[in-house]
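**Q** The chain contents come next:
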Amino acid sequence: MTMTEDPTTPGYKWVGTRPIRPDGLDKVTGKARFGADLILPNMVEAAVLRSRHAHARILSIDTAAALEMPGVQAIITGDDFPPTDDMAPGDAHQAVKVMARDKVLFEGHPVAAVAATSRAEAQAAAKAIVVTYEQLPHVLTVDEAMADGAPILHDDLITANVDPAPETASNIASRAFFERGDLDEGFAAADAILERSYTTKPVHQGYIEPHAAVADSGQNGRANLWVSSQGHFDMRTMTAKVLGMSASKIKATPAEIGGGFGGKTTIYLEPLAVLLSRKANRPVRVVMDRDEVFMATGPTSGSSMKIKMGIKNDGTITACDLWMAFEAGAFPGSPVGAASMTALACYDVDNFRIEGFDVVVNKPKVAAYRAPGAPISAFAVESMIDELARAIDMDPIELRLANAAKEGVQAPYGPVFPRIGFIETLEAIRDSDHYRSPVPEGQGRGLASGFWFNIGGNSVATVNVHADGNVSVITGSPDIGGSRSSMALFAAEEFGIDVERVQPHIADTDTIGDTDVTGGSRVTLATGKVVVEACRKIVTDLCRRAAKTWDCEIEDVEWVQGHAQHVSGTESPLSLADLAANAGRTGGPISATHAENVRGAGAGFSTQLVDLAVDEETGQTSIVRYTTAQDAGKAIHPSYVEGQMQGGVVQGIGWALNEEYIHRADGTLDNPSFLDYRIPVASDLPMIDTIVVEVPNPNHPYGVRGVGEVGIVPPMAAIANAIDRATDCRMEHLPMSPVALLEAINERNAD
Amino acid sequence: MRNWYMDYLAPTSVEEAVGALAAQPDARVFAGATDLIPQIRAGRPEPGLLIDLKRIDRCTTVTKTDTGWVVGAATPTSRLTEDPDFSSTLPGLSEAAGLIGSDQIQNRSSLGGNLCNASPAADSVPAMLVNEVRAVVAGGNGTRTLPVGDITTGPGKTSLADDEFIVEFEIDAPPPNTGDAYLRMIPRTEMDIAVVGAGAQITLDADGNCAAARIALGAVAPTALRVADAEAALVGNPINDDTLAAVAAAASAACNPIDDKRGTIAYRKQVAGVLAKRAVKLAADRAAGTNANGAH
Ligand SMILES: Cc1cc2nc3c(=O)[nH]c(=O)nc-3n(C[C@H](O)[C@H](O)[C@H](O)COP(=O)(O)OP(=O)(O)OC[C@H]3O[C@@H](n4cnc5c(N)ncnc54)[C@H](O)[C@@H]3O)c2cc1C
Chain A
4 MTMTEDPTTP
14 GYKWVGTRPI
24 RPDGLDKVTG
34 KARFGADLIL
44 PNMVEAAVLR
54 SRHAHARILS
64 IDTAAALEMP
74 GVQAIITGDD
84 FPPTDDMAPG
94 DAHQAVKVMA
104 RDKVLFEGHP
114 VAAVAATSRA
124 EAQAAAKAIV
134 VTYEQLPHVL
144 TVDEAMADGA
154 PILHDDLITA
164 NVDPAPETAS
174 NIASRAFFER
184 GDLDEGFAAA
194 DAILERSYTT
204 KPVHQGYIEP
214 HAAVADSGQN
224 GRANLWVSSQ
234 GHFDMRTMTA
244 KVLGMSASKI
254 KATPAEIGGG
264 FGGKTTIYLE
274 PLAVLLSRKA
284 NRPVRVVMDR
294 DEVFMATGPT
304 SGSSMKIKMG
314 IKNDGTITAC
324 DLWMAFEAGA
334 FPGSPVGAAS
344 MTALACYDVD
354 NFRIEGFDVV
364 VNKPKVAAYR
374 APGAPISAFA
384 VESMIDELAR
394 AIDMDPIELR
404 LANAAKEGVQ
414 APYGPVFPRI
424 GFIETLEAIR
434 DSDHYRSPVP
444 EGQGRGLASG
454 FWFNIGGNSV
464 ATVNVHADGN
474 VSVITGSPDI
484 GGSRSSMALF
494 AAEEFGIDVE
504 RVQPHIADTD
514 TIGDTDVTGG
524 SRVTLATGKV
534 VVEACRKIVT
544 DLCRRAAKTW
554 DCEIEDVEWV
564 QGHAQHVSGT
574 ESPLSLADLA
584 ANAGRTGGPI
594 SATHAENVRG
604 AGAGFSTQLV
614 DLAVDEETGQ
624 TSIVRYTTAQ
634 DAGKAIHPSY
644 VEGQMQGGVV
654 QGIGWALNEE
664 YIHRADGTLD
674 NPSFLDYRIP
684 VASDLPMIDT
694 IVVEVPNPNH
704 PYGVRGVGEV
714 GIVPPMAAIA
724 NAIDRATDCR
734 MEHLPMSPVA
744 LLEAINERNA
754 D
Chain B
745 MRNWYMDYLA
755 PTSVEEAVGA
765 LAAQPDARVF
775 AGATDLIPQI
785 RAGRPEPGLL
795 IDLKRIDRCT
805 TVTKTDTGWV
815 VGAATPTSRL
825 TEDPDFSSTL
835 PGLSEAAGLI
845 GSDQIQNRSS
855 LGGNLCNASP
865 AADSVPAMLV
875 NEVRAVVAGG
885 NGTRTLPVGD
895 ITTGPGKTSL
905 ADDEFIVEFE
915 IDAPPPNTGD
925 AYLRMIPRTE
935 MDIAVVGAGA
945 QITLDADGNC
955 AAARIALGAV
965 APTALRVADA
975 EAALVGNPIN
985 DDTLAAVAAA
995 ASAACNPIDD
1005 KRGTIAYRKQ
1015 VAGVLAKRAV
1025 KLAADRAAGT
1035 NANGAH
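These protein sequence lines map, in sequence, to chains A and B. Sequential numbering from 4 applies to the first sequence in the numbering used here. Sequential numbering from 745 applies to the second sequence in the numbering used here.
Treat the hints as calculated values from the structure; they're not laboratory data. Just so it is clear, CB atoms sit at the ideal spot from N, CA and C, and this is done for glycine as well. Keep in mind that the hints are not guaranteed to be accurate.
Here are the simulated DSSO-like cross-link-like pairs (lysine-lysine), alpha carbons at most 27 Å apart as the crow flies [what the hints assert, rightly or not]: (1) A:LYS204 x A:LYS282; (2) A:LYS540 x A:LYS16; (3) B:LYS1013 x A:LYS204; (4) A:LYS282 x A:LYS252; (5) A:LYS204 x B:LYS1005; (6) A:LYS106 x A:LYS204.
Some residues of chain B that are not near chain A, with every Cβ distance over 12 Å (derived) [unchecked claim]: (7) VAL814; (8) THR833; (9) PRO931; (10) ASP936.
Produce the complete structure using the sequences and hints provided.
**A** Shown next as structure tokens:
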């Protein structure tokens, strides 16, 4: 068999086109089923009783009165969970996160859950549970948490990766450290050196669909779980762990998902639903309200950072010393490690030291959020680089080009970069109409870049050719960004058939093999690869079947535009439908599976340019024009690539200007609603112009890199840089809200 | 023990509504419920009886009279923004109503609800104050008419008796050479609550000097307030940088704001001056016929 088309060369029929997504019609007509839409016979509803304290010891929980309330079917507390003593520390923290045991560690921490015949009854019963607390002092910021004598969240938390290991517990969970070269030499060689401090606030992913789970536990020790998540395999496994079950005893079925951005890669409600269902012996549904989402599910870290950087007049960055402390929330696990690894990854810097601390505070445990950690360290590094550019009077793109990472450069975290497209994103912006047009009067223009690793990982695809010649592509990757379209496009391209004939499907944990979460920008790359490989297995099989039909050697058959063809041209070609109709006589059903731990993810880079105007009397910033250039490797469905790029920018604009967790002094959250947690609204935004750069990833059959995350890395710094150029106010704290900016303008005017 | 659910009544006459209000102490009238329902969801006590005003004709009728308009207190505010006659005569009040929430909210939200919810940040209230709108209130003791400024007494508090509600608003058509305006500061461009709001109604004399001025602020004190000092700074004077600066200073000085998640005291005071000045300018331009639309 020979392939007449080499898929790594251009000339695709389907890849790169923009068909309507297969899930689109159901979504716009309201037919799509999201997490909270499932209704099972005899199902009951649950409510979660949550702590109102940021830090307190639970002295007692009295459920007697609540159990007598109308409609109540079951109540669970920490006592219903298996003990955590024998669990690995991470699992134990997860277990205590989903249901408090002896202490509550953040406002919103679950203390009990009730299942009742209606939600109103469950909520009423939850209110009737009497919990007595002994309030403990709390810490809300890394500075408070790291201070001498700070209240300690976990008595057994010893800082990891410090030599020698500390002897006493602290709120510092771990330290990340990367260094190269000689800092002193680097600073000595510099013509300009700047030192700055930056802070950022926790920000939430802000997905529109609140968390929801439905569980139906059977008497046989098995449970069915329906989840709205970025990875039902992980939901299943994590749930099983905290409940002391074997993972395969739970069958998890994915629902449509209304946004995740990393935040739906971990469990909250799922174990509660399974336990309640077991106790009530009825299916149980539990759905969060928006305030629960804000109080109890992961935002990303707030942070405190200090940076010192040196540069030569020719633009060479000579040294960088970066110190960071990230809030982990109530349990260890901030993305400070990734922030450390990515901070300087855009640049080839000879001398650096990067130190990061993972710090627990009395807030919800952070969860992944688009390129976790990278936007935070990039805010510091890219703000600093802009100041250096102004200090040596150099164009910010030229400065970045002078230091840009490229093939052969060793990344700060170790590996040597293969072919990457950072320079191409800088050039794309440099050559854009936006950059070449003058900055409009009264506005400021800012630029920043960003890096994200992207990942591969475990994926499985099963491809079935039906008797009518149409194709099903089955994977285990929940679709949060239009990936079903891309899977269908891959199959259409491989088979040479119309994309309409391909039906993508996301299967439950019993139906398809173990698949990692939809995260790390991995699905089009990794799940896409296994789809391609499964299709290729089938094409080989189809050629074999044609050879059998024609009684010839398989080498004499080639697959051309959806048909098996005899190289001699003597036989009339057999279409996919012909072969499918005859499958019974040529070896049975046509089906193939490919499973792989996909390696060779291609790093992603983004460079962004923003023009903005500041109302100097109110401190309000208006984003006027925005262009983002990103290396996609290859855009399989360009609309969804552009959508990912734009979405990352929009979330970054919110993070830059208005989004923040606002806590009262007592440790409770003051803004757990979309009214006062201000994500951008449509009228806040100009069209976000996209430039899709395509520097193919050599490790992927179609050259794909991930595109979902890196777009959120540059915006905060790009906007800070533009504000500086518009107002001469350098904003070092996020968000750069009107209140903060007016204060800075007043200070500037006073000087 | 009271029911765990709320009762609902949709009377068709003012008398029926007053009777129901008087009969049940924990009854509450509502119009669009765009404040009421979110507040209940957020844990505020549930009323035992919800009285829907939207079936009472008088409460949902907009009538043009010889002297101005009578607007039913439960009328969706979109009716005001979509009425070209109303909008061109009272652009400030119309624009204030048009700032409430979004199109969806404005198809429910009412002036009565915006006023009686008694949020210091209610957008229509400064605009009603500068137009000296009057509320017609019905209750067990009959009907009385009082200035809108006399209704709210503090955050969430009104001067209405338990058995009283607002039936309609009387709004005078502005005198000649008069313009009004309302501007607010929100961190976003819509779907937000005013951090500061400022309304102005300006009448110009034949020379283009200020003949009459009414200036009001929202979100900077327990209730929306008129700023007499700012008004005095204008009357008899031209509208120029100096008088506008005096307006700004008087407006900032009149503020008695709080520090909260939406803004600091210092911010509110400073921006109240800025918006008062801008609202006066816009209203004066409208009075002079040089600018018909200003607010976004
Ligand atoms: C998403 C959203 C955005 C919003 N944005 C804004 C905004 O930008 N600006 C703004 O000012 N507000 C805003 N609001 C608040 C609200 O929409 C307005 O205050 C609206 O005008 C309230 O009118 P309503 O008819 O819905 O009031 P309701 O909720 O029906 O009533 C509010 C209160 O007033 C009482 N009440 C109602 N009518 C009468 C009456 N005739 N007599 C006596 N008491 C009465 C009720 O008992 C209740 O206490 C927003 C609300 C939401 C949900």
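**Q** Confirm or reject each hint.
**A** Each hint, compared with the structure:
Of the pairs offered as hints, the one joining A:LYS204 and A:LYS282 is violated, with about 40 Å between alpha carbons and a cut-off of 27 Å exceeded. Between A:LYS540 and A:LYS16 the CA atoms are separated by roughly 20 Å; this keeps the pair inside 27 Å, and the hint holds. At roughly 26 Å between alpha-carbon atoms, B:LYS1013 and A:LYS204 fall within 27 Å of each other, so this suggested pair holds. The hinted pair formed by A:LYS282 and A:LYS252 meets the criterion: a straight-line CA distance of about 17 Å does not exceed 27 Å.
For the given pair, A:LYS204 sits about 14 Å from B:LYS1005 by alpha-carbon distance, which is consistent with the 27 Å threshold. Our distance criterion of 27 Å between C-alpha atoms is met by A:LYS106 and A:LYS204, whose separation comes to about 25 Å. Chain A leaves B:VAL814 outside its interface by the beta-carbon criterion, the shortest separation being 32 Å against a cut-off of 12 Å. No Cβ of chain A comes within 12 Å of the Cβ of B:THR833; the nearest lies about 27 Å off, and the non-interface call holds.
Distance to chain A contradicts B:PRO931 as a non-interface residue, since its nearest Cβ pair spans about 5 Å, not more than 12 Å. Residue-level check failed: B:ASP936 sits 7 Å from the nearest beta carbon of chain A, not beyond 12 Å.
Going through the hint list in order, the structure does not satisfy hints 1, 9 and 10.
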